[in-house]
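*Asks:* Sequence:
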Amino acid sequence: MKIIVFFLCLTLGVNFLSAQDIERNVKERLTDYFGRYTATAKISTPKLKSVDIDYERKTIAIHASESFAYQPFRPETVEAVYNQVKELLPGPVHYYRLTIFADGKPIEELIPNIYRNKKKDKERMSLKTDYKGAAWVKNISRPNEISRGLQDRHIAIWQSHGNYFKNDKNEWGWQRPRLFCTTEDLFTQSFVLPYVIPMLENAGAIVYTPRERDTQKNEIIVDNDTPNASLYLEVGSKKAHWTTAPIKGFAQKKAIYRDGENPFTDGTCRFIPTERKKKKKNKDQAFAEWVPTLPAKGEYAVYVSYRTLPNSVSDAKYLVFHNGGVTEFKVNQKIGGGTWVYLGTFEFDKGNNDYGMVVLSNESSEHGVVCADAVRFGGGMGNIARGGKISGLPRYLEGARYSAQWVGMPYEVYAGRKGENDYADDINTRSNTINYLSGGSVYNPQQPGLGIPLEMTMALHSDAGCSKTDELIGSLGIYTTDFNNGKLNTGIDRYASRDLADILLTQIQKDIYSSYNLSWTRRSMWNRNYSETRLPATPSTIIELLSHQNFADMQLGHDPNFKFTVGRAIYKGILQFVAGQHDKEYVVQPLPVSNFAIRFGKKKNTLELSWKGENDPQEPTAQPREYIVYTRIGYGGFDNGTLVSKTSHTAKIEPGLVYSFKVTAVNRGGESFPSEILSAYKAKRERERVLIINGFDRVSGPAVINTFDKAGFDLEQDPGVPYLSNISFSGAQIGFDRAQAGKEGEGSLGYSGRELEGMKIAGNTFDYPFIHGKAIQAAGKYSFVSCSDEAVENGTVTLEDYPVVDYILGMEKEDPVHKVYYKTFSSAMQRIITSYCQSGGNLFVSGAYVGSDMSGTQGNREFTEKILKYGYQNSMTDKSSNRINGLGRTITIPRMPNETSYAVPAPDCIVPVDTAFPVFTYVPGNQSAGIAYKGNYRTFVLGFPFESIQSEADRATIMAGILGFFTQR
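In the numbering used here, the protein residues as written are 0 to 968.
Just so you know, these hints were derived from the structure itself, not from any lab.
DSS-like mimics (lysine-lysine), calculated; alpha carbons at most 27 Å apart, straight line:
{"id": "1", "residue 1": "Lys509", "residue 2": "Lys818"}
{"id": "2", "residue 1": "Lys329", "residue 2": "Lys276"}
{"id": "3", "residue 1": "Lys26", "residue 2": "Lys57"}
{"id": "4", "residue 1": "Lys645", "residue 2": "Lys602"}
{"id": "5", "residue 1": "Lys709", "residue 2": "Lys467"}
{"id": "6", "residue 1": "Lys168", "residue 2": "Lys388"}
{"id": "7", "residue 1": "Lys131", "residue 2": "Lys121"}
{"id": "8", "residue 1": "Lys46", "residue 2": "Lys57"}
Distance windows between CB atoms, simulated:
{"id": "9", "residue 1": "Lys388", "residue 2": "Lys247", "range": "24 to 32 Å"}
{"id": "10", "residue 1": "Pro802", "residue 2": "Gly858", "range": "25 to 33 Å"}
{"id": "11", "residue 1": "Asn705", "residue 2": "Lys780", "range": "46 to 54 Å"}
{"id": "12", "residue 1": "Thr307", "residue 2": "Lys818", "range": "47 to 55 Å"}
{"id": "13", "residue 1": "Lys467", "residue 2": "Tyr410", "range": "43 to 51 Å"}
{"id": "14", "residue 1": "Asn935", "residue 2": "Thr620", "range": "50 to 58 Å"}
{"id": "15", "residue 1": "Val816", "residue 2": "Lys118", "range": "42 to 50 Å"}
{"id": "16", "residue 1": "Leu642", "residue 2": "Lys509", "range": "28 to 36 Å"}
{"id": "17", "residue 1": "Thr856", "residue 2": "Gln83", "range": "50 to 58 Å"}
{"id": "18", "residue 1": "Thr307", "residue 2": "Leu392", "range": "29 to 37 Å"}
{"id": "19", "residue 1": "Leu517", "residue 2": "Gly391", "range": "38 to 46 Å"}
{"id": "20", "residue 1": "Lys247", "residue 2": "Thr620", "range": "45 to 53 Å"}
{"id": "21", "residue 1": "Asn935", "residue 2": "Glu685", "range": "21 to 29 Å"}
In this text, a Cβ means the ideal position worked out from N, Cα and C, and glycines have one as well.
Construct the entire structure; sequences and hints are all you get.
*Replies:* Set out below in structure tokens:
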């Protein structure tokens, strides 16, 4: 018996030792595997946390460290990891069933649903939750129908930080340091406002941002309680009359507001029963009318307000009368009462008039009431006092805490710290605002609020960190799962937020690579406890796009082309995520059209417009299906657009008026960004025709300094050319010492000034054929059309058809640092212009770099000297003067960044060649600024942009002189 027990113990001991050996062996192999693991993202080295081998069930559970989950997982990634680990396992456990965990989940469950080949995780999808009601706001005048985009989806986006009150220092300031001409508080705005939000709205989404979105510094509020210098008017019908609602409304009773004061509880609001649409127009209509007295002509965001009443309707009809006509909106007053509701941004004239107003009709398909409260025009200046002082900045530059107070949020939404810590409150306000707005909706059913079905949030930040070897820092994503028992407020799994982060990072990296042939660094996806990802009721993520502290990142970050690429990537990522959440198909909105051109039509008083649709090689669904042609007459605004099915359009015109057009491409996913703006004019007594070529396509970041010991951006040499405008600059860079990289404060690399804060710097409006055309119109008896330079280079437009050609080059120039080709005269254009001149044409050219951009090669110099008859001398870098003499006048051009027209920091000094002669000179110095040549053909070339001449009267006189020079024989 003792012998049997001895052998049994010996056997068990051998087996136990064998199991110990196996487990030690497995741990050693796995420790080595994770230590050597190479991820597709830049993550910290993962480690083995534990291994659990179950010999009875023949299973192995491997738990990796959290950093292993920071990478993107795809079916092929997961399969490769499992195969690699399986190969490592020793014989006795080689065929055990494996599960590899990271961040508490099997790694196969970390694959976002949209990338899965097999079964999807319905626990993190919104299949049972979808909003079926009317959209909060809908533009009824939109000519195209969107069916596979983000139509009627409500999305929250915000740009990081903003100016805030530092309680401990009793002063206002930024939340992040001034580096490389900007600060994060300003920088992320330049992605979200001009690119991300418009792209989402072009896809049909209703977008809310908890920071002010309008960059207009003026703000006029028209209200029944306090109309001020503006007009509020009510008209009733036979059956319906306006009455004061039994609930408080908005009133602006002071200029400056202290903490906790809510203007949405200081006044009254009005309501009226609805009526069905009348059969006869203008017969017994009931409406309210808000007519602002505006301090300046410009673009103003229009916000309406109302209160949600027990029988409010979902189709309140608002009409916005603006410079381009009338745009109709339907607003769902069943939700969103007691705050500012954004309709759109429109151009209005100065003063007050009957074509600049908002009208609310009581016409509705539903039986109920519509409510009227204040209407706001423009974003305005900050008006929230903290510590007895206001920020002094436009409201769009302030943090969400102050915007939330102005839009009527309850005190607890924006002041959880009771006014003692604005920094912490501002961070929480972003999420709290969205939760309050969405409270009571299908996506946030348990929380009280305004019922707006906001179904996801994204915060765009930039990050700290630098590389002294100019490597890219790249993008990081953040999400939170350890909150509310791992559930979002609809009950779906919080790992939906990880899906959102993954999709966005994937699309950003993919699109940057395809646009720039650049391996953009993808960093981790952190599952961390951040307010902006913990508090939202819906899927949410923070995207730390790049490092504002890293020179290599900021070289791209300041480039408007890069901003467009990133904006489009974010839009596409959100589209994919939302479509995936509801298991819907999607279509990506098209790219902008190209080769835009206008010719005079064969029929009397017509114009023929043509263009080319662009396919997106990255997105097979993004093909154009139709197009929208927008029209502007004179100095008015653009209309709501005309939908056309072909890449051409015939427009009827009236002689004596300047017509302008822009074109967008549309499909079922939405609308592209617009083309450049082209103009045309038919003189009543035409003597000659002029072709205007728009060759000014350039947008770019500022001049780059990149040497062994210095790095940064030189705003004085060239502040760059913004797309439309630039709201991101704080001031000129002061610290260029590479040795101080990674530091903050005075002396650090990138340290910058503050002199440009609050300035909306003018950029390329793509509207210069109009400015040139108005000068041609003023000369009398000249008609004109215009086209893009691509249309000329591709043979769509023939120069020989026109006796006079005006070639706009603006700030066009080639720049090796920025990745897009912006040559003044391409090889094709040189050949075409040479042929035109040799056939006896008359050519007017103007641009800031017509000499310097063509001085680099002998071939380019021969073209300017032998054909255009000028040579390059130098550039005017001295900015002490903006005066130029010529044609009997002294004119001025803007030399420094400003809000009116783009800066011309270094116009060219060009000298006459052959029998050409100088016609303009810079003051002082008397260096040649323009030349004219009279031979078998004639040229007139300016070393500065014609459209930059600040006086309209000067432009008209000079253009008349140029045309006279061309036509007088």
